[in-house]
Amino acid sequence: MARPLVTIGSIFLTLLGVSVVIFVILRLVPGDPISMMLPPGATDEVRANLERLYGLDKSIPAQYVIWLRNVAWLDFGMSTQFRLPVTEIILDRLPATLELVLLASLIALVLAFAFSILAVWLQVDGATLAIDGLAGLAQAIPDFLWALIFILAVTLFAPMMPVSGRFDPRTAQDFATNFYLLEALVTFRLDAFAELVRYAVLPALALGLPLAAGITRVLKGALEEAMAQDYVMLAQTKGKSRLAIVLGEALRNAMIPTIALTSVQLTFLIGGTVLIERQFSWPGIGSTAISAVINRDLPLIQGIVLVFALIFILINLASNELYRAADPRLRTER
Amino acid sequence: MKKLLGLLAGTALAANAASADDSALTIAYNVSLPSWDATVGVSAVNPTIQSIYKSVYDQYIDQDPDLSFRPGLLTEWGWNEDRTKVFMVVREGATWHDGAPVTPADVVWSLERAGKEETGNPIQFLWSTLGNFTVDGNRIEADVLRFDPTVFKWMAFLTAYVLPKEYYTEVGAEGFERAPIGSGPYMVDEYVANSFVRLKRYDGYWGDAPEFETVIFKFLPDASARVAEVETGASDITLEIPYEEYDRLAAKDGLNGVTTPVSDIGMIFINDVGVMEDANVRKAAAHAINKDLIVDRLLRGYGVPIDTLQAPEYAAFTAETTVAYDPEKSRELLAASGYSPDNPVKFKIQTTRGFKPKDYEMIQAVTGMWKRVGIEAEIEVYEIAKHFDLRARDALAPAAFYNWGNSIGDPSTSTGFSMFGPSPHSTWDTEDVDAMIGPLWGEQDEEARIAGYQKVDAYIAENAMVIPLLQFVQPIIYRDGLSVTPHVANFLLPQNVSSN
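If you read the protein sequences in the order shown, they are chains X and Z. Its first residue numbered 559, the first sequence is counted upward by one per residue in the numbering used here. Its first residue numbered 19, the second sequence is counted upward by one per residue in the numbering used here.
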């Protein structure tokens, strides 16, 4: 009973700490939203008036108290550039980011498991070397550079692949939610689903490749280590095939370090959406974050940072639970 | 799975076929549009976004592609004899996108709203110069509360859009953001922030009907994505791409290019602090820069060297004021103040990097030229938000690179605001310049006002109080079958694009 309460309490404390840090930093770094909107000819009076209108004429602690009081009622304020409530903007765009992250994670996991299992199963030097080399290359190139490579490759080799947006802007969309991919899948609209995947595949690949490489290296190493254990030799003496041993015996133990790494890498992947979404004009929370920073949209930056922080916390909690599920020793220690 | 793969291939082929739709124009655009209220907030003063606003809304007064003024929603305008009143005649037959007529009440409401402090219009200081509006038929009269000779020019500039009084009042500010309507040639069909906006031709538009039934602005801040879009045929037209890419694409089969000098100049602000108080140092810095070389080598010829803050299309431009490239003179000037290449004068120069074409590279070239005559400038890269902040606090480095847009071409919005000490945008604050500019703010004789600014520009150039470098050139790439009329104000207007 006490553990969930402690967890919830620690989530709130972490978010509170994050909110203080981001609130203060945003107001101390050079550049403010008023300077961004002052046209030629604006006087000091105009500046003072705008500061008053946007509540920036008060002290930082006073601004923070007002903001926190509103946040308690889930009111994150008004975006200065979009001129809409921050909560509405985040709820509107978060689904696009979550779907992109989900697809990227799926691509990363499929690639990583396929290559790792293949390498350990085959035990051929050439194949292992090739997989290690590919993983090294995929990890050495950051996601935003993969995005650039894909955009250039489209120009040269695949002009039918879109490099911008979430769907064809010439066609009207009639989805009830903003989870377009999931909704199309659940409602069996396969033609719409295929079209959405076509738009999502390049940004998802750019995001997912470095993650796939990271998981491959850890999973492959863990599988190789597991294959050298006594219980594997016992399974071999029972006449099980190597593939059956990899999948049935070694994989479960290799999962423990893989889960730990994947959860950490997943948070990097979410951070990566900031650049990838901008490069591919993906209308998610990442591209919104970068335009908020460029335009010094303080309420929106604060809201997005808190949402990112909450997502990171939830991922860590989920990975802890998965870790416990995968490792019986942790369950007994509880 | 097989079915899904088949569908994926099918949609790809369908996408290619759709790109040949002649009734639609797809523009790979370089900035995203955050807000639909063109009169308040950050977007309202962002010159790059105005192309989209001008497609949906009408301005009080419009501008031709060469910057000359023409009727917008106002067909006539002017002052009375003693400049104490203005009159405006509102166009008959204009309608909002919901079919309601545009009335003088809409115009008065828009002007009054813009002039109120509480609405947050950044140009409020100008709109509040008019008041006590009266309406007689389609004619509006107003008192001039404070005379500003540029008020009608501003009616074609930032935040000068007429919004629908009834509709806006009914739906409120947030409702308007979600479902904006204007009286321009296109109406908003679908808008996805940070991704695209789809516009539909408004058949009730009072002016010439634009050719394309559908216009899509795709928001692509990444230049490589814009290049890919136009090269693969996913977009019909794009702009603001590197000049190297422009040359490559313009030479390619199926694509065409057009360039035009625009109302945007690159300049080095001089702050009157430290060594910059020494006129010899400033003049040496100005004479040591070979602007032709910068344009030819760095910008592949796409730029127009300038010596004052007036581009050739501006009202106060004169070819008589020049600053010669003369490195020998620079050395002499520096020697007079005790400096030489062995004993250089040192200061910091700030610049953006990637905000404008080759901005950082230009400043690298400038510091290289300076070094040869005895100036050692340390480059500091800053982002644009920091520039605005430092400029507002008059805390820029002794030299700072920036670009200055002025789509109405008036000298008050170039030399005036950037060089007049009390202006928050001025970095140079000296009594001599302020004394010259001050009387021009209220000058009623237009010829005398323009001549006055030309004298100020000559004085500033002679004393190197700012170093204008060049007028930027806008590169536009478009597919075969289109005809594009570029706009000196840097707009890419779909209504100015047609089929051959």
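Hints in this document: simulated from the structure, not taken from any laboratory. Some hints could be false.
Under the rule of at most 30 angstroms between Cα atoms (straight-line distance), these lysine-lysine pairs were calculated in the BS3-like manner [what the hints assert, rightly or not]: (1) Z:LYS404 - X:LYS616; (2) X:LYS616 - Z:LYS134; (3) Z:LYS347 - Z:LYS389.
Facing chain X, from chain Z, some residues (calculated, C-beta under 10 angstroms) [stated by the list, open to error]: (4) GLN142; (5) ARG216; (6) ASN298; (7) GLU401.
Stretch by stretch, here's where chain X covers chain Z in the computed footprint (C-beta under 8 angstroms, at least three residues) [as the list claims (entries may be wrong)]: (8) 59 to 65; (9) 98 to 112; (10) 228 to 241; (11) 269 to 277; (12) 327 to 340.
The structure presented is a predicted model; accordingly, all values stated were derived computationally and were not measured. C-beta: ideal position from N, C-alpha, C; glycine also.
Now for the hints, and whether the structure bears them out:
With a C-alpha separation of about 21 angstroms, the suggested pair Z:LYS404 and X:LYS616 falls inside the 30 angstroms cut-off, and the hint holds. Distance check on the hinted pair: X:LYS616 and Z:LYS134 sit about 22 angstroms apart at the alpha-carbon level, within 30 angstroms; holds. Simply put, Z:LYS347 and Z:LYS389 have alpha-carbon atoms about 14 angstroms apart, close enough for the 30 angstroms limit, and the pair holds. Evaluation of the Z:GLN142 hint against chain X yields a held restraint, the C-beta minimum of about 6 angstroms falling below 10 angstroms.
At a threshold of 10 angstroms, the smallest CB-CB gap from Z:ARG216 to chain X is about 5 angstroms, leaving the interface hint in force. Restraint check, Z:ASN298 versus chain X: the minimum CB separation of about 30 angstroms is more than 10 angstroms; hint violated. Hint status for Z:GLU401 relative to chain X: holds, with the closest Cβ pair at about 7 angstroms, below 10 angstroms. Counting residues of the segment 59 to 65 of chain Z whose C-beta sits closer than 8 angstroms to any C-beta of chain X gives 5, which meets the bar of three, so the coverage hint holds.
Coverage of a stretch by a chain is defined here by at least three residues with a beta carbon nearer than 8 angstroms to that chain's beta carbons; for the segment 98 to 112 of chain Z and chain X the count is 0, and the condition is violated. Residue count for the segment 228 to 241 of chain Z with a Cβ under 8 angstroms from a Cβ of chain X: 7. That meets the three needed, and the coverage hint holds. Taking a C-beta to C-beta cut-off of 8 angstroms, the segment 269 to 277 of chain Z contributes 0 residues in contact with chain X, too few for the three needed, and the coverage statement is violated. With 0 residues carrying a beta carbon less than 8 angstroms from a beta carbon of chain X, the segment 327 to 340 of chain Z misses the three-residue requirement, and the given coverage is violated.
Going through the hint list in order, the structure does not satisfy hints 6, 9, 11 and 12.
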